[in-house]
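Enquirer: Given next are the chains, with one letter for each unit.
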Amino acid sequence: MKKTDIKDSDIQNALNKIEIPVFDETAKQQAIETALSAFDAQVEKKFKGLSFIQRPISITANIFKKIGDWIMNISYPQMATASGLVIAVLVVALMPQMQEQVPVMKEESLQEMAVSKKTAPQAVVAQTKNLQASSQAYPVTPAQPSMVMLSPVPQVDFDVAEGGGGAPAIARMPEKMARIAQFKAQSYQQAQVLGEYQKQEVAQSIRRVQEQVELESSGEERDRFSKEKQNPVRLTAQHPVSTLSVDVDTASYSFVRRQINAGRLPQPNSVRVEEMINYFAYDYPTPTVASQPFKPTVAIYSTPWNSKTKLLHIGIKGYSATKNIKKSNLVFLLDVSGSMSSHDKLPLLKNAFKLLVDTLKPDDTVAIAVYAGAAGTVLEPTPVKERAKIIAALDRLSAGGSTAGGAGIELAYSLAQSSFAKDGVNRVILATDGDFNVGITDKDALKGMIEQKRKSGVFLSVLGFGQGNYNDRLMQELAQNGNGIAAYIDNLNEARKVMVQEATANLFPIAKDVKIQVEFNPGRIAEYRLIGYETRVLNREDFKNDKVDAGDIGAGHTVTAIYEISLVGGTGQLIAPLRYGKPAKSSNNSGEFAFLKMRYKLPQETKSQLMTRAIDNDDIVEKIEQLSDDIRFGSAVAAFGQNLRGGRYTGDFSNQDIITLANSGKGADPYGYRSEFVSLVRLADSLK
Amino acid sequence: MENIPDIDLVDLAQNGDRQAFSDLLQRHYHNIYKLAYRWCGKQDDAQDVAQEVCVKLVGAISGYRGQAAFSSWLYGITLNAARDFLRKKIRHDKREDTAWDLDQFQATSGNPENSLFASLISRCIALLPDNLRMAVILVHGEGLNHLQASQAQDCAEGTISWRLSEARKNLHVCLDRGDNP
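So the sequences go chain by chain: E and S.
First residue of the first sequence: 1, per this note's numbering; consecutive thereafter.
First residue of the second sequence: 689, per this note's numbering; consecutive thereafter.
Bound conformation, chain E alone (with noise of 0.2 angstroms):
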């Protein structure tokens, strides 16, 4: 043979030469069929009965759509004897179901009637209750006697008999067990309809749903988030200093919020340990005066989880501006995609930001423009004193159609400079999904322009809505290069903490580039781990460079640092000492820990200042009933992070130490947010 060149054209020339059968359709059907089958179970194990909760309206179209089906199903002749009985059948299985739907809809105005009374606690309340009555519901259901009851009528013909394969679906049978026995019945029925030298094949693929329904429940999930490791425990003597920018995005505890509600444990890598912890609001001492935008709270305490080493807690509080706020101009720029038409995107979105209308003052302006599918400007910049007018235009709005592109993001900039409040407030808050199609698809390019807008005064935040296109990095990013936040929003009332309660934070920054840096003393601590805060550790040469960027602190904000140390002479350290080391020199400030130090620039200025602290021995508290609730609820949560991220430094401190703990720090609990964290580390239990 000779010398042969291969081109790619030829590869796919080869390639396309390969003519591909056409399947059989009844191997589709059957591929089909066994995987719905297979996945009634999965819905039956995994959600336990959440999924009524979730998606109440979807479910009841289903069951309609299902009887229609049904109906049409059944043969003209066959109408008399078959009809009655299934419509009867139907009936018997759907009652149950619909006296659930009662409490469903309840529950959801009574959350709505909760938020606007600003009684959250109530609607946590409601849910689980909820959560109790759904799951009670399941042993009177009497799916299983109409099940038996239908199998073996002799009328049904095959046409009934596969339009049954929904009858899972509408009486969802509580055993998994039960399902494969219907399964079974009516796949032989199939094949006494086919023929008998279908039997084994069928066999076959009853087996392969046994095996299927045992393997996948436990099924292999692909990573798709950013892979950052947990930052390691280090060797004071060897990395004596610790630098980090701080972090007030929340997104994460939403995220995982829902994850845990929805009835899986969260991956470990989606976990970001800081923003569980600065996802509550924390009443750590505040300045008084502007020019000093924060003040630093320190404690140091034994480890809830490791009784050998002690935990170095730095809260800080943004000073809180609330009399001299300044005037608004905001862009709300809205996705519209098809995608955003599921009821907790638009019309979620539309509610949070009625929400947030109602929290700002007369003067100030809003505009809305919108991206996808209807491109352009919604609203012209409006004084909120035209309330109607605002309202009316975001009750226009509707999702539909693909992503046309559109130069959304532009136009939202050129709103915003149009009318440019000086000395006020001058921010772009971007809503979507995920879909990032705002007109530059470069998304370098995006984030480029979005800084040199931030340059100019407009700032860039953004909401992220609904879950599955949800782009967590990419919002981040976009975030952080145009001064804003970045929250998820999962229901009205995360939409009422981020766009009302925190509104002034979220709005006002009082500080940005604010990074933290602490120098550990050798000769008092030996080691230490920061929790969380993983993509945001700095170089120790990027603390005095003002070029690098960081977080921004908002009025009110508050911003949590933890770090595990274990002190000199105690038995806590994990990293054996070196044999051949030398020990540690002790300094002038022998008797400090560590040394505290921030760095931070007031919003209008380029050059920043500087704010130190000494870490003493008044610094230690000794027993934990002398520390703030919000410190121990604070650890709690840290702890819970940890765990979810698989619980590598954590021991054996249990969900139920940390229930305890939270419990200890619940304090007031105004709007019950810390409440729900432990009804969350209950469910997450129960999950394991």
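No lab work stands behind these hints, which were simulated from the structure alone.
From the three backbone atoms N, C-alpha and C, an ideal C-beta is built for every residue, glycine too.
If you anchor each label on the Cβ, the simulated ranges turn out as follows:
#: 1; chain 1: E; residue 1: D423; chain 2: S; residue 2: Q714; range: 54 to 60 angstroms
#: 2; chain 1: S; residue 1: T847; chain 2: E; residue 2: P232; range: 25 to 31 angstroms
#: 3; chain 1: E; residue 1: I20; chain 2: S; residue 2: A757; range: 20 to 26 angstroms
#: 4; chain 1: E; residue 1: N269; chain 2: S; residue 2: N833; range: 22 to 28 angstroms
#: 5; chain 1: S; residue 1: V861; chain 2: E; residue 2: G448; range: 43 to 49 angstroms
Chain S: place on chain E using the hints.
Expert: Just chain S now, kept in the frame of chain E:
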């Protein structure tokens, strides 16, 4: 059903919506089957793999987070299932039954010499190591770009380029050695 994007159906299915899951399978069965056929070369096998993928999706769909297009992600699942299926089958059948049926490549029209060349290449593609063959099928067979193929194979984009060039080298060797009929 046609106008609901994949991503929304996936979201619904992840939350336990049966109809959405069924719609997804209806929509993608053909692609799953086609890709499985490219790997296995037999209709029966491809149908078996397609069924396995459908069932596998029940558990796997919760792991889809939307970082890649759903179709790219599904390509990855399908190829892995097809590979595992064939490996298992080869263990069972001791390879006799699984060799590619060359007739299928010759049932094409046009210049017979071209067809022969094409069929030789196809034969050699079938002999490539799994990872290289996957890259070739995804890019040259299914027309994915390198980024999409990298998402399907869960590797870096550069790795795809490397695999393709490595595959080309292997094909040279295979053709020149003449170890094909």
